[in-house]
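As given, the protein sequences belong to chains A and B, one line each in that order.
Heads up: the first sequence is residues 925 to 1200, going by this note's numbering.
Heads up: the second sequence is residues 73 to 468, going by this note's numbering.
Just to be clear, a hint being listed does not mean it is correct.
EDC-like mimics (lysine to aspartate or glutamate), calculated; alpha carbons at most 16 Å apart, straight line [unchecked claim]:
#1 A:Lys-1011 to B:Asp-148
#2 A:Lys-1056 to B:Glu-169
#3 A:Lys-1013 to B:Asp-148
#4 A:Lys-1092 to B:Glu-169
#5 A:Lys-1007 to B:Glu-169
None of these hints come from the bench; they were simulated from the model.
The chain contents come next:
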Amino acid sequence: MKKIIIALSVIAFAVPALVQAQRVVCKIKGSDTCLPLSQKEAEVYMQKNPGSSISVVGGGSGVGLAALLSGTTDIAQSSRKMKLDEKIKLQDAGKAFKEVIIAYDALAVVVNPANKVNQLTREQLEDIFTGKVTNWKEVGGDDMKIIAYSRESSSGTFEFFKEHVLNKKNFATTALLMPATGAIVQSVSQTAGAIGYIGLAYINKDVKALKVSYDQGKTYVAPAVETAKNKTYPITRPLYYYYLTSIEKTVKPYVDFILSADGQKIVHEEGYVPIK
Amino acid sequence: MKKYRRISEKVAVGILFSSSTVTTITVLFIILFLFREGLGIFNSRPVENNYEIVVNQDNPINQLSARHLKDIFNQDITNWKTLGGNNDSIILLTISEIGNYYSEEELGANFEYLPQRINDFVQQHTGVFAYISKAYITGNFRWKIIPVHKISVGEFLTGQQWYPTASPVALYGVLPLILGTLWVTLGAIALALPIGLVTAIYMAEVAGNRFRNILKPVIELLSGIPSVVYGFFGLVVLVPLIQKTFNLPVGETALAGSVILAIMALPTIITITEDALRTTPVSLKEASLALGASKWQTIRRVIIPHSISGITAAAILGIGRAVGETMAVLMVTGNASVIPSSFLQPVRTIPATIAAELGEAPFGSTHFKALFALGIILFIITFVFNSLVELVKAKR
């Protein structure tokens, strides 16, 4: 009887202690691309670890990193690497930080299924979206006007595409700007000369994803979770978490959870590319 | 007893007075806020805060227009010769690219040598075009700053390119947006007004009571549908239809926006017009009929002239709905900021621009102020429409 009481009391003390170690209270701010993923991860984590409270807000990568500097967020989620000038600002403030890649996100370039073009080089994509090439016959297709669809300029995806595919050049003013990825899929599926870019998870049978070459046409790679994972598909970007080293202890259990097999399963389910 | 009544009457008057005062003050406050934020645009520069454009000190170029700056960044202009300078290719330098030219050791562990390195780089390369923070232009630098002017009213109103994210210098030309808004609105009114008028006359004068009792609630139901539903309907049904009918490369056009807006404005126009038509006294109608006028003559010569002010009000309220409508238009017009030359081209309207861009514009930035300035323009457009109605009414 005594033994049972002792065992029970040990359990009674030990269990809350274990739970307490996993309890995370933190704020996450930044990229809208990471937003759905962070929300889902936080939701599952809070379910598994009662007492945790993780709040996730968007606003854009730049907003998140600025909040990290001003101390108004614990974790900055970002769909781009921290810029040199942001690093300098943190350094000047005497703050050391950690960078963790939580997942990858791949962008697929899509056209109407009736289009006979199957592959494009990065240079051709740049010419199409900056307005230098305006007819499909110039890139090996039918004689048909090219209609370029882009996301609105407020989107992080817009920035990424501009930086990595357009080589930082500005989009043509004639590009049609759509308010959501779903609208791009809809428009591309019903416009014969359309071309647009969407996240991997949005590809369906109504649009055709193009193979892309980043070595002047030597090798073309089709977008897929596999090719994004082994880094052969070029339009892939890592998604980052940034946090200050001084609060590493508080946020570590949550970050470890995302990197665990369970966390990466959620990454896959949400349409992103797992890191392993 | 009498005393109580007097008090309660005073209270009622007080409530009426204070609520109308609060409403007026709120409206004035909002307009004041709009103008304060919006006019701030003319006091800001179209580059990032604290950023400057610098070139080598031997470069003969002293001035560059926003358009040229954009072309240089797009690498459409790659030689200073094009701009009237030396025959020297342009070397772009931004803070994130300095790492391509110097190793981490050369920049220092804490970037303490960074200003020095930038200084060296700009001095050693005659063709350099650097876009960097003021913080690195320290002490004894020997290079030249290309001045970036504040945005002027003329530039803002007549600029033909709306490009708030262009780097390094954003282009804020609202002409394509104003014209886009006007095209879509006028198209919507041209479609909605005749249809609305005819339907209202039919409902008020011709239709039997039973039919009217079915038709009226159905039309009023139209105004209860959320605009995003109209937008989605437009994108999925109307846009492909327009594309096929006119054999266009793209269906997202001003026309699609006009049609959707016309459908959305119809309930307003029909309801108000019908109410106006019904205010015609029966004695007038009967007098006309008694004089031997036919039903159509009565409608044309008696009923419409009598209720013209109500019909004008309906038209204006319809325009009001069309000018400010955001979500439906955002989804079907394609939002390319080009100056439209026909109804079969994509356009970008002012409300769509504000809705799409305000989310990411940092609070207080030039872009943020520019969007508020767009709000002022929208305000002025509606204000002009409203004044026109008053004028028409006063003349009668």
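Comparing the hints with the structure gives:
1. A:Lys-1011 to B:Asp-148: 31 Å, violated
2. A:Lys-1056 to B:Glu-169: Distance of about 25 Å is beyond 16 Å: violated.
3. A:Lys-1013 to B:Asp-148: 33 Å, violated
4. A:Lys-1092 to B:Glu-169: 12 Å, holds
5. A:Lys-1007 to B:Glu-169: Holds, at about 10 Å.
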